[in-house]
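If you're matching them up, the sequences are chains S and Z in order.
Note that this note's numbering numbers the first sequence so that position 27 is 27, with each residue one more than the last.
Count along the second sequence starting at 1, add 1000, and that's the number in this note's numbering.
Treat the hints with caution; some may be incorrect.
[Stated by the list, open to error] Dumping the calculated EDC-like pairs for lysine to aspartate or glutamate here, alpha-carbon to alpha-carbon at most 20 Å:
id	chain 1	residue 1	chain 2	residue 2
1	S	Lys53	Z	Asp1338
2	Z	Lys1094	Z	Asp1334
3	S	Lys129	Z	Asp1338
4	Z	Lys1356	S	Asp268
5	Z	Lys1344	S	Glu138
6	S	Lys458	S	Glu394
7	Z	Lys1345	S	Glu394
8	Z	Lys1345	S	Asp85
9	Z	Lys1344	S	Asp85
[As the list claims (entries may be wrong)] What the simulated footprint calls covered on chain Z by chain S, stretch by stretch (three residues with Cβ under 8 Å from a Cβ of chain S suffice, anywhere in the stretch; the number is not a length):
id	segment
10	1086-1096
11	1192-1202
12	1285-1298
13	1326-1335
These are calculated hints, taken from the structure and not from any lab test.
Owing to the predicted nature of the structure, the values given are computational and were not obtained by experimental measurement.
Just so you know, even glycine gets a beta-carbon here, dropped at the ideal spot from N, CA and C.
Chain residues, written in single-letter form:
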Amino acid sequence: MKYEVVIGLEVHAELSTQTKLLCGCAAEFVREPNTHCCPGCLAMPGTLPRINKRAVEYAIKAGLALNCDISEYSRMDRKHYFYPDLAKAYQVTQHYQPLCKNGYLDIETDDGVRRIGITQIHLEEDAGKLIHDQYETESLVDYNRSGVPLIEIVSEPDLRSPEEGRIFLETIKSILQYIEVSDCKMEEGSLRCDVNVSVRPKGQKEYGVRSEMKNLNSFRAAHRAMEYEVKRHIDILEQGGEILRETRRWDDNMGKSFPMRTKEEANDYRYFPDADIVPMYIDRDWVARLKKEMPELPSERRDRYVRDYGLPEYDAGVLTSSKYLAEYFEECIRLYDNPKNVSNWVMGDILRITKEKDIEHEDIPIQAEQLVGLLKLVDEGIISGSIGKSVLEEMFDTGKDADTIVEAKGLRQISDQDALLDIILKVMEDNPQSVEDYLSGKKKAMGYLVGQTMRATKGKANPQMVNKILKEKLDELKKE
Amino acid sequence: MELYKLTIHEANKLLSNREISAKQLAESVLKRIEEIEGKVNAFNTITAEEALKNADAIDKLIQQGEEISPLAGIPMGVKDNICTSGIKTTCSSKMLENFVPPYDATVIERLNTHNAILVGKLNMDEFAMGSSTENSAFKNTRNPWSLERVPGGSSGGSAASVIAGQALFSLGSDTGGSIRQPAAFCGLVGLKPTYGRVSRYGLVALASSFDVVGPITKDVTDCAIVLNVIAGRDVKDVTTADKPVDDYRTALKDDVKGMKIGIPKGFLDKGLDSEVRTSIHQAIKLYEKLGAELIEIDLPHAEYALPVYYIIACAEASSSLARYDGIRYGYRADDYDDLEELYKKTRSQAFGSEVKRRIMLGNFVIGADYYEDYYLKALKVRTLIREDYAKAFEKVDVILSPTTPTSAFKIGEKREPMDMYLSDIYTVPVNIAGLPAISIPCGFDANGLPIGLQLIGDLFEEKKLLQAAYTFEQNTDYHKKEPIL
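Isolated chain Z (complex conformation):
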């Protein structure tokens, strides 16, 4: 078997037993990258040399008989909006094309402590704005299941690389679905942790009150392993919760007997692809068969989720992205006569159209004349949506829904921004409420494209999510299928 096909827990076993070396594993992954990157286009930066050096160091530790972390020697890819000290962090934007941060994100620091091995930085929609990775300033990443299709987004490179065997796992970021949607499109497990469970320090901000870092993995066990390392309070991010971190691996139990699963009323009616609907219905039946109790729940304000999300997230993005002014770092226009022209040319030339669209929208809704009608109103509806979920979680343990209304669409297919925004309809409400949610594979459509099932948990109830997801995985084999490249 090719080593790049291993899961984290499989590889860890082989490494611990000294059946393989970290170097062999890294070489296998790097070779895979070399072979298929031309087709997939998942990476913005490949750190092969460093990776091999680090693998050698870890092999030495193993030879010395030291007990190793479950992530030691595991090749990982990192979305290109998570800062890596000394390694370019571009956000797939011309603006930061050559930006090299002098610091690591907290999640990177933690993964480094656990001796995970970075193999490269992954393509994404520019500044994480998009659902297809087509908004990258550099290239289109392709879906390994069907190269003419998108891998989803904005963490498209993070999902494509893992399913293609270019990394054993990856980190993505999720502001409105950017981990779960590409995980669904690529047949992977993608977890968006509770807001505040994982540090945002070093994650380039898109929308501060939504952003969260999470893993994209080949199965639920791997997901728990990575979450164990990245979760927890960080003094550098005051929005992280001062709550103890569970050992998420203890949640990996094949048991949903008596678990109450909520099905939102009306979620499976309109706008949903019929093959996705069929898969979701089958998943519901399976849970029922395994002993879960299904309860219909009402989320009356969910229909306002998209406008609320775009108002608040764009407001925050317009503010977070104001710092890219060409003064201290990043792109600066070549010729300008004065300061104002420097600003205008720099920002006009270096931001892509989706980024500009959201900056304009965001500036509009927090302008003095519209603040109350748009921004403040959206905040109020956000509270209502949160309350909807809080009420629902009085009755249920997890909520089940599709991750996306369709399977992966073709590159270039969605030309209208609204069409693209609608592909996040099931994921966005979760970010509005700050809840944890996971996407797991639950079937394939007639074109052989993966379909994702989303499970949503109450705040900081990642364990319940993982248990429900793990049980589903143990009783299906969708996660075992691989694309042929």
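One chain only, chain S, in its complex shape:
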């Protein structure tokens, strides 16, 4: 039987506001535990919340970027459960009246554009963090993160493969960075997601029974978890088994999911309105202003690159997929007006090296002007393209400028006609067979002789000149 995969995602993104959602404590990530805490963060009796308007603004911006309706009336609710990292024993969130509803996100897949529904985006506070590894028998709690604002973006069950799920997550991350509402730093836990997976026989209308996995803290883990669950569901159905409606725990080290609790054991969170926080009436003028001030989104920027720079759609898509990369690209072409060449180098070698070295775009050690410096050396014929690639590698490792490396290593290209002629004549003399082959019509032999010349010059020979001189000399022999 053929199965259709149905996936819905919930993405939690920490907002990059200065202060927390409900008090004036700094929201920034710090390592020293319990230093960004006030009596409110610790839920001391008598303390009261004050909602951070900037956080509301950021949530609305996310809603606008994801084509949502922005509610005129919105309210905070309490979600109750006991855990030491949750100081009040309830999380301030939005269950009944979220800020943003009924949106969508278009994602680019191999099968073209797919429109994924966004059920809602709501504002909520983060919990603190438990530290288990310092003492054997006791755990510690760090409340620095307690009250940091989050948005939760809930998708419709519109995703049809783990790959679509991965693209959806990456697109969301890119958009949140573009509109500057979240850093989306996975390693600091500022982006996490829950995945809901089910499968159904192709053509069936009703959804299959779904399982949920919470708190996946990397896209890779989320992708693997989705793939694992899809396979697990299909295997069970193939064997005539029944899928349980349950929450499962994903163990990324083992690459497996394990049962956590079934629906019957599910918590009743006893959601109800938070009477300490007055309802929000969202001013339409404010929303209109935010909409007007909205920065260019990744898809808009991609279209602009295709239109203005003549880049292929794929390249433009890659370059604009992260805000940092796009800005890096634009910085380069401000200094050096050859978008296609910059695009080739960034798309090619730079992204290859970042991938090999597993570094984030933000951490590329080569400044835009340094890259431009390298490209100019190639353009001016001072070094060849292939030497350029090795110089780039060295720039990654040392952070040095291209011309410094070229000078220090004596990599300047040999463009001296007489010098090259001597070397070429020597190569011809050493490789009579190849010369013979060429003269008898085997054009390939020419390539070999060029290669030998480059080798003799340790790659420094100007390849265009080598080609030209070699051809002249061989053609002279032919006439004789």
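With chain S fixed as given, assemble chain Z onto it according to the hints.
Just chain Z now, with coordinates in the frame of chain S:
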């Protein structure tokens, strides 16, 4: 005359004229506490040393010729659910028995700015749940009019201490009647301000949409003086109203001519003690004689007030009290094997039975299966009750009713929770609608126990209330009687 017997305005006059010193006044009150606290049991904490030190400082200000606030040097008691920086705030619960907040409630900050002198923290029903102060985890406070009787609750210590002369005034909190009922039982003036008129920051939450802090005083003038200081917008409590604060003393006029007083239909019929009924009827007659116009009004949904109140207030309480988990502060059970046991033992051991009852009730009505049938329905009826009052206030200036169906009952007399809940029948609807209301003494029964008259005003119309109350007081002398201890 003993200084502890003074009202705030009397004491202020003597202090301003340098006829007495703040120290003498504080000493008189502290001595009174020492003498009779063994009988009354009003205090959880007494801050004698600090009080004397502060009195000295205020005397210096007076000697320097500085103009002083009407509250400067006035000894006050504060209900033990209002946070006082560096001083235990226990809510009369084992859970917070040793909790010392590192911050002041906004009302305390304001009173401190006005140089009022804290003499101690007052006993109450645990977490303000109750109507007799018998739910305190520490002790029973006694009614100074009759020591075998309750002082009312939950602000029982706040009322008992003032009538006993252990403080010139006190702060209480009122969620369903917790200021007015004990004020009535102890023959005092108790004001529940409009919800949002006084900051709740630092008041330990019982039910966030009902709670309000207010004064318990010996007369209406004192009530206006304290309200002047504690009322107003507070950025720390977003539910406080951004409305200018009146000078409430300007309302102290002996005049109700033409004032329209509403009498709710059926309120004086059933379930009301006959002596209370007689006193209320006399009060109505007096107002009539003084020129007020009496108008019968209809509050058709008032009969649902108690269930609506217990559903919403318990829902909010179950949530507000969830934070007492033994992790960060407060009581923690001694032995436990895991986290769940830590929670269970801590909360089982440190909460009293009324608190547990309300937490369970509250958890039930906001559970996924019952949210609509109970909580949401109660919210709808709350709106209807509000509308009843709004309609009534189109026709009248204030509404008059008894504060309580009976005078103070005996300690241990009410064993069933429902009996206890019924003692709030006249006060609870006011909290549901967020209105201001005041209880003033309007008579004594055959046992010599005080009877309270409740006046209810429209939202933020505290001035009308105070004027009606002041006029009644000027034409009666119930507020001048004192218990013999």
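Next on the checklist: Closer than 8 Å Cβ to Cβ for three or more residues is the test here. Does the segment 1192-1202 of chain Z pass it with chain S?
Outcome noted: holds (count 3)
Checklist entry - Quick check: the segment 1285-1298 of chain Z, covered by chain S? Criterion 3+ residues, Cβ under 8 Å. => result violated (count 0)
Next on the checklist: Just to be careful, I want the Cα atoms of Lys1345 of chain Z and Glu394 of chain S compared with a cutoff of 20 Å; is the pair within it?
Outcome noted: violated (64 Å)
Checklist entry - Does the alpha-carbon distance linking Lys458 of chain S and Glu394 of chain S stay inside the 20 Å limit? => result Judged against 20 Å, a Cα distance of about 17 Å means the pair holds.
Next on the checklist: Taking beta carbons only, do three or more residues of the segment 1086-1096 of chain Z come closer than 8 Å to chain S?
Outcome noted: Answer holds; 3 residues pass the 8 Å Cβ test.
Checklist entry - Does Lys53 of chain S pair with Asp1338 of chain Z here, judged by a C-alpha cut-off of 20 Å? => result violated (40 Å)
Checklist entry - Does Lys1094 of chain Z pair with Asp1334 of chain Z here, judged by a C-alpha cut-off of 20 Å? => result holds (14 Å)
Item to check | Distance restraint between Lys129 of chain S and Asp1338 of chain Z, which requires alpha-carbon spacing of 20 Å or less | outcome: holds (18 Å)
Checklist entry - Is Lys1356 of chain Z within 20 Å of Asp268 of chain S, Cα to Cα? => result holds (19 Å)
Next on the checklist: Against the 20 Å threshold, does the CA-CA distance of Lys1344 of chain Z and Asp85 of chain S hold or violate the hint?
Outcome noted: holds (17 Å)
Item to check | Coverage assertion for the segment 1326-1335 of chain Z with respect to chain S, Cβ distance below 8 Å, three residues required | outcome: holds (count 3)
Checklist entry - Are the Cα atoms of Lys1345 of chain Z and Asp85 of chain S separated by 20 Å or less? => result Cα-Cα ~19 Å, so holds.
In the structure shown, a violation is registered for the earlier hints numbered 1, 7, 12, in ascending order.
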